[in-house]
Structures are given as structure tokens and as C-alpha cells.
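Chemist: Sequence order for the protein chains is A and B.
Using our numbering, the letters of the first sequence map in sequence onto residues 9 to 762.
Using our numbering, the letters of the second sequence map in sequence onto residues 2 to 465.
A few of these clues could be false.
Partial pick of chain B residues on the chain A-facing surface, computed with a CB cut under 8 Å [said to hold, decoys possible]:
(1) GLY430
(2) THR434
(3) SER442
Mimicking SDA-like on lysine to any residue, the simulated pairs with C-alpha atoms at most 20 Å apart in a straight line are [claimed, not checked]:
(4) A/LYS583 / A/GLY438
(5) B/LYS225 / A/GLY669
(6) B/LYS225 / A/PHE459
(7) B/LYS456 / A/PRO440
(8) B/LYS225 / A/ALA437
(9) B/LYS456 / A/HIS441
(10) B/LYS225 / A/SER679
(11) B/LYS456 / A/ALA437
(12) B/LYS225 / A/PRO440
The following residues of chain A were derived to be distant from chain B, with all beta-carbon distances above 12 Å [said to hold, decoys possible]:
(13) ARG25
(14) LEU140
(15) GLY586
(16) GLU658
(17) LYS682
Quick caveat, the hints were computed from the structure, so don't treat them as lab data.
From the three backbone atoms N, C-alpha and C, an ideal C-beta is built for every residue, glycine too.
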Amino acid sequence: MSRLSERPATAEVGVARPHESAALHVTGRALYTDDVALRTPRLLHAHPVCAPHAHAFVTRLDPKPAYDIDGVVRVLTADDVPGVNDAGTKHDEPLFPTEVMFHGHAVAWVLGESLEAARVGAAAVEVDYEPLPAILTVVEAIEEASFQGMQPRLERGDVAAGLERAAHVFTGEIDFAGQEHFYLETHASLALVDDDGQVFVQSSTQHPTETQEIVAHVLGLASHQVTVQCLRMGGGFGGKEMQPHGFAAVAALGARLTGRPVRLRLTRQQDMTMSGKRHGFHATWRVGFDDDGRLQALEATLTSDGGWSLDLSEPVLSRALCHVDNAYWIPDIRVDGRVARTHKTSQTAFRGFGGPQGMLVIEDVLGRCAPLLGLDPAELRRRNFYAEGHTTPYGQEVRHAERLTRAWDEVLTTSDFEARRAEIARANAGSPHRKRGLAITPVKFGISFNFTSFNQAGALVHVYKDGSVLINHGGTEMGQGLHTKMLQVAATALGLPIERVRLAPTRTDKVPNTSATAASSGADLNGAAVKDACDQILARLRPVREVLGPTALWDDVVRTAYFDRIQLWAAGFYKTDGLSWDANAVQGSPFKYFAYGVAAAEVSVDGFTGAYQVDRVDIVHDVGDSLSPLVDIGQIEGGFLQGVGWLTLEDLRWDTSDGPGRGRLATPSASTYKLPSLSELPADFRVALLERAAEDGAVYGSKAVGEPPLMLAFAVREALRDAVAAFRPAGDSVELDSPATPEAVFWAIRGGRP
Amino acid sequence: MEHSHAVVNGETRSLSGAEPPLTALDWLRGIGLTGAKEGCAEGECGACSVLVARAGVDAPTEWTAINACLLPAASLAGQEVVTAEGLGDPDSLHPVQREMAVRGGSQCGYCTPGFVCSMAAEYYRAGRCEGSEESGFDLHALSGNLCRCTGYRPIVEAAQALGAPEAGDHLSFRTTAPPPVSAPVRLPGYVRPADLEEALALLAEPGAVALAGSTDLGVESNLKGARPGLLVGVDHLPQLRGLTVGDDVVEIGAGLSLSEVERRLDGAVPLLAEVFPLFASRLIRNGATIGGNLGTASPIGDLAPALLALDASLVLVSAAGEREVPLAGYFTGYRETVREPGELIGRVRVPRPLAPVAAFHKVAKRRFDDISSVAVAFAIDLVDGEVARAAIGLGGVAATPIRATEAEDALVGRPWTAEVVTEAAQLLGRCGTPIDDHRASGAYRRAMLATSLEKLFAEIGGAA
């Protein structure tokens, strides 16, 4: 065991604790960015001027009429930008565009004494547009060869030879949807400028450092003139990794120009209309199996719907390519990836970051091919699992592959899988209009940012003279329980009760140059940095403790150390060792380790409507040696249901007609875009953590948990396919749309759309 | 300016300046109570849920959870409100808050104050724990609250762990006293009239709009910028709040909330009892009224198809008196009706006896709290294996809710057999003019019309 992963016999980590802010959450005391805004005097409110075209040139923009509206204070346009008019890191996202790139694109912002004044003012701004042709779907983009960014190829072996060798070759195509984040808290920023011109932005952001950098470059300032703070977020899920920057920059620009605090909070409709989502993908594939159903070769092309700008589309695509294998050994493989440029919101990070999209392809392949091979889908999947010694197509050793089979076997046992399958087959035979389906699927998910440099973190730990401890780290809290875990890590490292440790909000002037809280890496990276800082302090205290004796109390040691002029605070740092990644060659060992999980799901489907419900779910998931079991179980359950939403219910639609509304998001609200509600909670939901799973080399033997459980939801999609198959002639290969809405299931039962 | 204040968490707060379009949510947040959040501004997510003291069905007063984002702040005049902040504080959590906190019921915490309020309303429901060791918690109470983080399991467990309120719980005690008086109020942009006569006079003025639960008007205001000249509160008027179940007719006051109707009917109209749990969410039903639902005349409102199948009629009230119109003749076009300016829906009349076979089929993406792609309501009377009466109401397939008269005619007077049902189902599948939209394709809607009758037949069986 490494020192980092060694866990003391009695430790605060591993204790099931409620979220550190739970008492504040339930009493309404927890403050979010916009709650702070409402407590800020002399506040101005920002409202966008949104373009009513998917693609157009702005030929004239006249802000003057807005100033006739009572309460309008300032209209912000490109002319006001002192620095760079760009909200992205790739310099392809003009903050105030002259070319409208999606329906709802903000071309100007209005500041008002009230939100109502700003809203009416925004409607009064006169803008002329010259509409241009718009590309909306991936299929249209492929036809027009509208792509952006890298076009990586993942390749191992000789795919032509592999297909040649295969006894059975199948081809297919699937076009599947993205997903709206629908964090309950929409994008929000509050910007102030102090007497010295220092800009202070509170932002609901997963990436305070990058928000800081974008605000600085828009304002033409150096990073040290901008401070970004994130108290907490009302959900992020990746949607606040790169998307908050432009909104923060608009607020900061307004504050700088007016000298007053500016609040920018999007309504739900604005948020859904203007901010990026999970990438939908289009995939074509050709797969070969031997007579035993063993994968021989896979040739595929994955085209993601990137929207109007690159944003994070390239790394999302990389991760999709790195997860198209999921848990399966595919000897010969070639997967081409490309990013379509469409006139839609710039699609971005979303829990799983391309991993789910890559996996959907292979799970769809296996689900469709199993009946054609005459094999049970569970058997087909199991037969193709990675084994110890295998490497992924990008050349990384699949360490701990046995955990996959262990989790699989455990789910088969605890879910009573075989007996239930027999019982379901009997019941289905006597039930013409309602069928049940059962499926089991695995997850193997790589942990670490693909881009090696991001795998670093910092922390600041203060021990005060009275022995109390304040920690600060570079990670942000979005509900995932990172702060809870960091308190537990610090308490464990220092050997203190958790009550002696407090945590201060994430700020760029405390810990600089942070990575996004993303890629499930928050606890791995920041936990190790917090522990490093604590270890430094303990090392400095050791001589004092030697003098005072082993029974000396912490408070006495600290006080003595202070008088001995020993530094009682430390900056911790961590970087993940042993990573390598060549993004061009799509080769390397980009991941510290893999997180594994297995889910079995049972559904029942009404043949008259296609409506269904999830009746039972059994999960065994690998979180290493859990830092915080209540938090981890919550991540597994929440991630799973979010995945179920993506795959079954959440149905993003754009107006793809040639009418005047072309390009408009047709589902821009909670009433038109439905996410899982309490009624989607499986009636019987059993979640267990994989035992004997300590991870060497990660903080206290734990593993990342944020993203991997989302992909456990494939079990539900495959169970729906199984139920549909029960309506169909035996041996039919069932094609199922994603999302598998009741309508999609209905048409699958009927053998296709009319 | 009588009653231009509200009691919030036990403190009297001035409503001065709280003019429409200011919502109750924004007003509360503006006075520092930022626990309630705006998640969607259309009553879909429940992050804004707060408790208001309303006249109860099983107790003099009930703590009723509502969407504060939809209600005009001015309508809180003279009312009592409790928010998550008022239920407890971090050092002394309310039982609902304690269960939510310790079980991991909050992750990001943004939806949590709303969940806590919806849960507290059910916690205080009179008779919840009676006759059972279980908590008796009705999970429909949480159907209007969305959580994106937890997956709901810990929230459900928190709800089911709740015992009865302790003796001395002041909010529980409050339910035993009469509800706040709905005294007349006149604020800029909002009037709560003294009586029906004043209401009708006000409504005859241009720009005046009747306001009950504000579950539709609030959406129009928040999302579409609708700014009516004057809001006239009507849901307190006694003439709109009656409910009688007579031998020949069931009369339902148009100003009762759907939750009140659901509980006061208590299953007396089985078809409506099937509709209520599928109609939006409890939070919405706590505000929404039958009058409002039929007044907005949405082509997909779930009540209209059911009331059409029940052969219901409406009593329209105006200064000139009353007139009764059959619901089948009420809708004239997309969101258009025979209702004249100055007329108010007073009561809904459902004739008895009711057809013995009643079923409501709602097809939507999500099982609960979704807008129908198609809604089909059946009221069928089978006598000796023959269809004596068949009424089928449809929503979501035309510019207005409609009756499926051709399919009805194909059933009446004929045996209830698979052949007859198949024939009628085909006619049903040709009803209306279903469109393709984000909810469903026209082809699916047509298929759903046809299969709805086949499904009913499969469920109740053929002629014995």
C-alpha cells in the first residue's frame, strides 16, 4: 500500500455522514450565488437580447430605444469590451457575436434597476438580422461535411483481418440524444468591483480558475485582478464546467462599467435555450463475432453533435473513444471520431463526459446482436469481459479486471437473476399485453482527466492557535459531497474529531490554478492535496509532540508549537503519477485506475402504449474503500437515475422544420422536458458497495464515484429491449431509440415507426 | 389598503410594493427568506414550495403546500405563510428536516427547502397516522418536487419515517383553529372582492382577469410576460366553493382547488378520482381549480375529456344572472369558448346516475406530473353484455377537447365483443387531427386513441 492509500485503524473517513451542509439545506439557510445577490445593495439585474434565428449575421444593433425604458441603466455590446470579446478557451466563442450561431444566442445584455426593467429593455433593443442557412442535426452536418476540431482515430490491430476472421458480421447505425443538465440552480453570477478596481465574481461554477481567466481576458486584466468564489452550486453535472464563464464575464463587465454590483441569473428557459448540453451522437458500426460470440473486431464512426463551438467537444470525444470498449475485449478495432458543427448550443461536459456515449454504442451492438447470435445477452456480455493482462484499445492495462467479474457474479446472486428470468419468461407467456424484461450490464470507467496536466490539485490548511482547523481546497461543491469528504480526510489526517475542522468556500485567491471539479476526480485530487498539507503540518509538529509526550493533547501541542515559532499552516499539492496520453494518436495510459460496477434491472411494459416502469434494480458498485458511504451511495443512486433519465425519458427536441422557428429548442422548460421524478424511482432499489476493493495509490484507498454510476442505467435500456423482444417473434433483433420514451418503445414493439 | 400584510413564519410582514407581477416567491426572497428557490418558474419543480394556511377538509385549517413562483405576492394579503426557515433552524431541526438531513435527502440542497415544505404539509395532514403503525405518508404529496441529485430513495425513506407531530407542535396546533379570514383586499393590480357581485363588476372591466390558484396565469406571466391589467381573486367566494353530491346531479364549485374536490368527492365520481392523481402534481392541484382549468380552455387539459365523458355542464355566472351550457358546446376553438366577458364559471354539474364503467387513460412521457400527449376518458354502461351508453372524451387530438361521437355510435346498442371494440377502436383512431410535436408524433397519438379502447376491453373483459 502507498502512504496515500493507507488508512488508520480508527478514521473519520469511512464513517457514514450526512452532507456537511445538510442542516443548512433543510432549513433554507444554505446560500447560493443568487441568494447572496439579493442581499447586495445597489444591485443591477442583467437580461439578454436573444436572437430569433439559428444562424444569421447581425446587420444592425441599436441599443438606444432600451434607454427609453424606465429603469434601464446600461446596454452592454461588443463595443464595451476592453479586453478580448471571447468567452471560451478556444477563442471561438465571441461573447457579443456579430454572427448568430444558435437560436437564442445573446447578442447584447441589458442592465436594469429591476429584472423587469432589464427584460422590457432587452425587448426594446433593435436588432436587424440577415438570416443564413442553419445545420441542425448530425446527419445534416455529415451531409454538409460540417465538422470542427480534431478527427481522432482509435486503432489497434487489423480491423479488416478481424472482420475477415469473424464467423458473424453485423452492421448498424444509431442516432441518439443528448441530455439537458437541469441542475436545479440555473447559471448565476454576481460581480462587484472594489475601490482598487479588483473584480470579485461569485459564480455558480465548477471551474473557478477558468472563470477567473475568462473574466480577466474579457476585461483586459491580469488574473490577480480578478477573484472568483463559488460558495456552492445547486447542481452542476458538468454543465458548469465551461459554460459559466461568459455569464460571469458579462456580469463583471457590467459591474466594471457601472461601478455597481451586477447580478446575472438565467431563468430556466434562458438556461436551457442558451447553455450547452450532453452531446448527442450518431454512430455507424460493423462488428464481427466468432462462433462462440466472442468479439473479433469492431469498426465504427462516432460523430458527436458539438453545437456551434468547440467548448469541450474534443475531450468529450476522446473519452467516448476510450469507452467504446466498455468492459469488453475487442482484439481488432478501429473507431473514428469527429465533432459535427451544428447551429445549436455548444454542447459540453455532462457526467460521464463522452464515456456514456461511447458505451451506448457497444451496449447497443451487443443488445442487437445477441439474438442474431442465438445467445442470451447476459451470456454474450459475460463472455466478452476483459481479463487480467488485457489492455484497452488505447494501450492501457486493464488492472483489477477481476473486480468486474466479482461484481457481476454478486449481482447475479443477490438479484436471484436466473430464477427471476425463468419466472419472467413463464409470466410473459401468459400475458399478451404486458411483458416484463430483465437485463444485466457492466460498467468500466477510466478515472483521471484524459489531459494529463489537469490531474493536479492544491489545498490550504490552517491550524489556528486554539487548535481549530480551517481547510480550503481547489474543488467546488455541487452536491456531490466533496466538502464532506475533505472534512473527513483532514480530520483523519490530523487525527481530530471532525467538529474541529471547518471548510471555507472555494476561492481563486486562496488556492490558485485549480483544475475543474470534474472527471469524478474531485476527492482523489483535492483529498490528496489536503492530506499533503496536513502531513506537512504534522511533520512540523512532531518535534513538539516528542517533547510533550504521546499523551499530549492536540491543543497543547499546537499552542506550544506556536510559541516555538513553528508554521501552523501549509499549502498542499498533489499530482497523479504514472499518467500518459497522446491525444493525436489516441494512445497511452490516461487513467489512474478504472471504476467498475454492475446493474441488473427489471421493467414491465404495457403493449398498448409502450409505457413502462422500472420494477427492480440491483447494483454492486466499486468505490474502492469508501471515504463516505452515505455520500457514495447517494452518488450511485442519483447517478443511476440521471442515467435512466437520459436513456428513457429526457427528450431534447429542436425545431428542425424549415419554418421561421427553425433551430428553436422545442423543449426549453420543465413542462416540455421531463426529468425523472419520484415516480421513476425503482419500486425495489438495492445498492451495495463492492467489498475488498481498496485502491492502492488513491487517498485512503478510495475511488472516484461521481460519473461511473450513471452508466449503470444501461441495464434499464437493455431490460426494455428484453421486454420488447417478448412481444416480438423469437430471435428478433430489437432496435430501440434513445431516449426509449414510451412512444419509442411502442414503435419497437410494433417493429418500427410507420 | 386593508390587510396589506401577511404573516410569515409568525412575523407580520408588509406587502407594500408587492404589486403584480411580483410573485410570492420573489417577495419572500426579497425580504430575506431565500430558502425557497426558483427552479423553473412554472410550477413543475417545486423548489419554491411554501406552506400556506388554508381552510381544511379534515381539519379547520390545513397547511397547504403551494408553488410560490406562480402566486402573485399580493394574493398573500391577510394570509399565513411558513417557509423552510420557519419550520426549524440548524440547531433545532423540524422532524421533517431532521429525517431529510440524516438520511442523505439533500445533496446540492437547492430543491431541499421545497421538498421540506411539501413533506411538512403532508406531515400535518389530519388523520395521516390514524389506524396504522406506518407513517401513512402519501407520496403523491411529493409529486410536484424534482430532485436532480439523489435519485429520491432517501427522500422517500425520510417521508416514510415520519411519526405523528408531537403534542405542543405549534403548527399542528394551528390546524385546530379556523383558517385566516379572506377579507377584502385592494392593492395596485390586485383586488380580492368582498362578494360575487363586486367580483363580477370588476371582471366586466377591460383587462381584468379572474384569479384563483394562478397555476396557469402564473406561467403566462413568468414565461410569456403576460401582464393583465387587474387580477381579481375569486377562489374565496362562497358561491364558487360549494360541493354537493345529489341523487340527480353532482355540483362542484368552480373555485375549489382540485385537491379539495378530490378529497371532498372522496370517490363519488370514480372517473374524476382516476384523473386527479394524474393531473399535474399535488402542488398544482392545491391551487388549480376546475373553473380555471376550463376557463383557460387548453385542448389538453385532463379534466375536460373526463367531464365531457360525464356529460357535464357548466353554470356561467354574470351580473345578468346564470346560464347553464353543456360542456360539449362550451369549447368553440383553440382556447376559445362561449364564455362572454364578465362571465365567470360558477359551478360544474355532473348528472347522475354515472356510467358504471369509468376509465381514464393518460398517455405521456412521464408517469406522473406530465402533460398528456393524448388523454382518453371513458364512461360506458354495459347492460346484459350490450353497450347501453358510451361516452368518450378526448384531449390532445384537436384544437379543443372533443367527444368521439363516431366511435361512441359504433358501440352503442351493440354487444361488447372484441369485434365491435376493434371496429370502434379504428374509428377512435381517426378522431380529431392529431399533430406532430415535441410530446409525440401524430401517428403515435392516433395509435393511442385506438389502443385505448382495446386496452379498456382487455382490462374489463368482454361480454360475459
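Chemist: Would you mind marking each hint as holding or not holding in the structure?
Modeler: Structure-based check of all given hints:
Checking B/GLY430 against chain A by beta carbon gives a least distance of about 12 Å; that is not within 8 Å, so the hint is violated. At its closest, the beta carbon of B/THR434 sits 17 Å from a beta carbon of chain A; the interface hint therefore is violated under the 8 Å criterion. Interface hint at B/SER442: satisfied, since its Cβ lies 7 Å from the closest Cβ of chain A, which is below the 8 Å cut-off. The straight-line distance between the Cα atoms of A/LYS583 and A/GLY438 is roughly 59 Å, outside the 20 Å bound, and the hint therefore fails.
Between the alpha carbons of B/LYS225 and A/GLY669 the distance comes to roughly 16 Å, so the proposed pair stays at or under 20 Å and holds. For the hint pairing B/LYS225 with A/PHE459, the CA-to-CA distance comes to about 44 Å; that exceeds 20 Å, so the pair is violated. Using a Cα cut-off of 20 Å, the hinted pair B/LYS456 and A/PRO440 holds, with the two alpha carbons roughly 11 Å apart. This hinted pair does not check out: B/LYS225 and A/ALA437 have alpha carbons roughly 51 Å apart, beyond 20 Å.
A distance of roughly 8 Å separates the Cα atoms of B/LYS456 and A/HIS441; the hinted pair therefore holds under the 20 Å criterion. Our distance criterion of 20 Å between C-alpha atoms is met by B/LYS225 and A/SER679, whose separation comes to about 14 Å. Annotation: proposed proximity of B/LYS456 to A/ALA437 holds, straight-line Cα distance about 18 Å (limit 20 Å). A hinted pair counts as satisfied when its Cα atoms are at most 20 Å apart, and B/LYS225 with A/PRO440 does not qualify at roughly 46 Å.
A cut-off of 12 Å between C-beta atoms contradicts the statement that A/ARG25 is not in contact with chain B; the least separation is 9 Å. For A/LEU140, the non-interface assignment is confirmed: its Cβ lies about 25 Å from the closest Cβ of chain B, beyond the 12 Å cut-off. The non-interface label for A/GLY586 is consistent with chain B: the shortest C-beta to C-beta separation is roughly 32 Å, beyond 12 Å. Residue-level check failed: A/GLU658 sits 9 Å from the nearest beta carbon of chain B, not beyond 12 Å.
Interface exclusion of A/LYS682 from chain B breaks down, the closest Cβ pair being 4 Å apart, not more than 12 Å.
Against the hints set out earlier in the document, violations occur for numbers 1, 2, 4, 6, 8, 12, 13, 16, 17.
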